[in-house]
Amino acid sequence: MPHKCVKCGKIYPDSSSEILEGCEQCGGRKFLYVASESRRRKIPERIPPAEPKSETKEETGGAEGVAEDLYNSVESIRIVSPGTYELNIEKLAQSGETVVGFGKGGSYGVDLLSMMKSKKKKRERK
Amino acid sequence: MSIFIQTRNRVSKFLQAFFRKKRTRIGIYGPPNAGKTTLANRIARDWTGEEMGQVSEIPHETRRASRKSDITISGSNGSSITIDIVDTPGVTTKIDYMEFLEYGVTRDEAVVRAREATEGVAEAMHWLREDIDGVIYMLDSTEDPFMQVNIMMIGIIESRNLPVIIAANKIDLPAATPQRIRSAFPQHPVIPISCLEGKNVEDLYEKMVNHFR
Ligand SMILES: Nc1nc2c(ncn2[C@@H]2O[C@H](COP(=O)(O)OP(=O)(O)O)[C@@H](O)[C@H]2O)c(=O)[nH]1
Ligand SMILES: [Mg+2]
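These protein sequences, in sequence, are chains A and B. Residue numbering for the first sequence follows our numbering, starting at 402 and increasing by one per position. Residue numbering for the second sequence follows our numbering, starting at 7 and increasing by one per position.
Hint data in this document are derived by calculation from the structure and do not stem from the laboratory. Zero decoy hints are in this set.
Derived contacts from chain A toward chain B, CB cut-off under 7 Å, selection only:
| hint | residue |
| --- | --- |
| 1 | G484 |
| 2 | T485 |
| 3 | Y486 |
| 4 | E487 |
| 5 | L488 |
| 6 | I490 |
| 7 | L493 |
| 8 | A494 |
Listed next, with one range per pair, are the computed distances between beta-carbon atoms:
| hint | chain 1 | residue 1 | chain 2 | residue 2 | range |
| --- | --- | --- | --- | --- | --- |
| 9 | B | E115 | A | V481 | 16 to 26 Å |
| 10 | A | C409 | B | G110 | 40 to 50 Å |
| 11 | B | G110 | A | G428 | 46 to 56 Å |
| 12 | B | P195 | A | Q495 | 22 to 32 Å |
| 13 | B | G110 | A | V481 | 18 to 28 Å |
| 14 | A | S482 | B | D150 | 22 to 32 Å |
| 15 | B | L107 | A | C409 | 37 to 47 Å |
| 16 | B | R51 | A | V481 | 36 to 46 Å |
| 17 | A | C427 | B | L107 | 37 to 47 Å |
| 18 | A | V481 | B | F152 | 17 to 27 Å |
| 19 | A | C409 | B | L202 | 49 to 59 Å |
| 20 | A | C427 | B | S80 | 51 to 61 Å |
Nothing here was measured: the structure is a model prediction, and the numbers come from that model. Each residue gets a CB set at the ideal place from its N, CA and C atoms; glycine is no exception.
Please put together the full structure from these sequences, using the hints given.
Put into structure tokens, the structure is as follows:
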């Protein structure tokens with residue numbers, strides 16, 4: 402599974418030595434799986450499922466870390482404005498990765514960054 | 007770390023294959039408010055005595071997939087299947103926080119809810135790609151079955167060769183026209199039901215036992 406540097410977004414193929422030694426581009430030492438998380442995650446078993454609703458899916462984030470080729474690919478989720486989203490179902494069905502795109506002008510970074518934050522919090526807790 | 011986890015999971019997969027039969031995961035998919043959670047609860051209640059999730063008239067109440075394992079459903083001829091039921095967030099192509107405002111949700115809450123619902127759709131599609139062996143596609147019989155999202159989802163499910171049963175829900179309502187669902191998807195079994203009243207759910211169980219085996 403490919404990995405992405407959390408700091409600069411550079412993507413490395415599976416089992417690259419940089420993942421153990423640090424990113425060659427920025428020296429970052431944190432990498433995320435960018436393909437499917439299924440091998441680690443399980444569908445939460447929940448009876449009853451009344452739980453805090455603040456969980457954020459890892460793949461939806463990636464603000465500062467999105468590599469350039471991701472910007473150019475068709476996004477699976479488009480943020481039209483904060484709270485308004487367009488979803489490309491077929492794209493979501495295909496790729497192992499969720500690519501999030503901004504609305505015109507890219508002025509809605511705040512929303513995406515908040516996704517990123519809660520994601521980091523979640524990881525650090527582990 | 008990643009290599010370790012991968013190896014560990016590979017080993018556990020291997021052990022699973024040896025010691026346990028593969029789980030059959032049945033996902034309940036469909037547009038928001040079709041009655042997916044109502045059905046998941048009914049199945050869980052009928053066969054295990056427990057509930058699964060929160061039913062609501064507000065769309066996108068279910069924003070994370072949830073699962074109930076090891077449900078054994080028996081058919082009339084004595085055969086049975088043991089499955090995991092996965093209740094999923096409703097799949098749509100557009101989510102707007104404005105649609106929550108009419109239910110008395112504040113603007114801030116609505117924006118958060120919209121974001122969570124969006125993530126929920128991504129999650130539902132993630133499980134469809136990775137870990138679902140059969141689908142109950144849930145439709146509200148009072149709604150137009152030809153909505154773009156339904157055509158797309160059925161197409162995606164077909165392209166993955168997953169067995170699918172279409173549940174034409176809410177037949178207790180006078181406006182219900184399950185026959186329109188039949189003519190929209192003649193290639194799949196369509197079971198008209200009312201999850202609320204429990205009407206025809208026996209037919210659905212019978213179909214599940216035969217179709218998801
Ligand atoms: N009349 C009627 N309403 C139903 C039926 N099944 C579910 N509902 C209602 O439809 C709404 C959405 O149900 P829910 O299970 O939360 O839908 P979901 O979004 O697909 O999970 C709720 O108000 C339910 O009470 C049914 O068979 N008949
Ligand atoms: Mg639901």
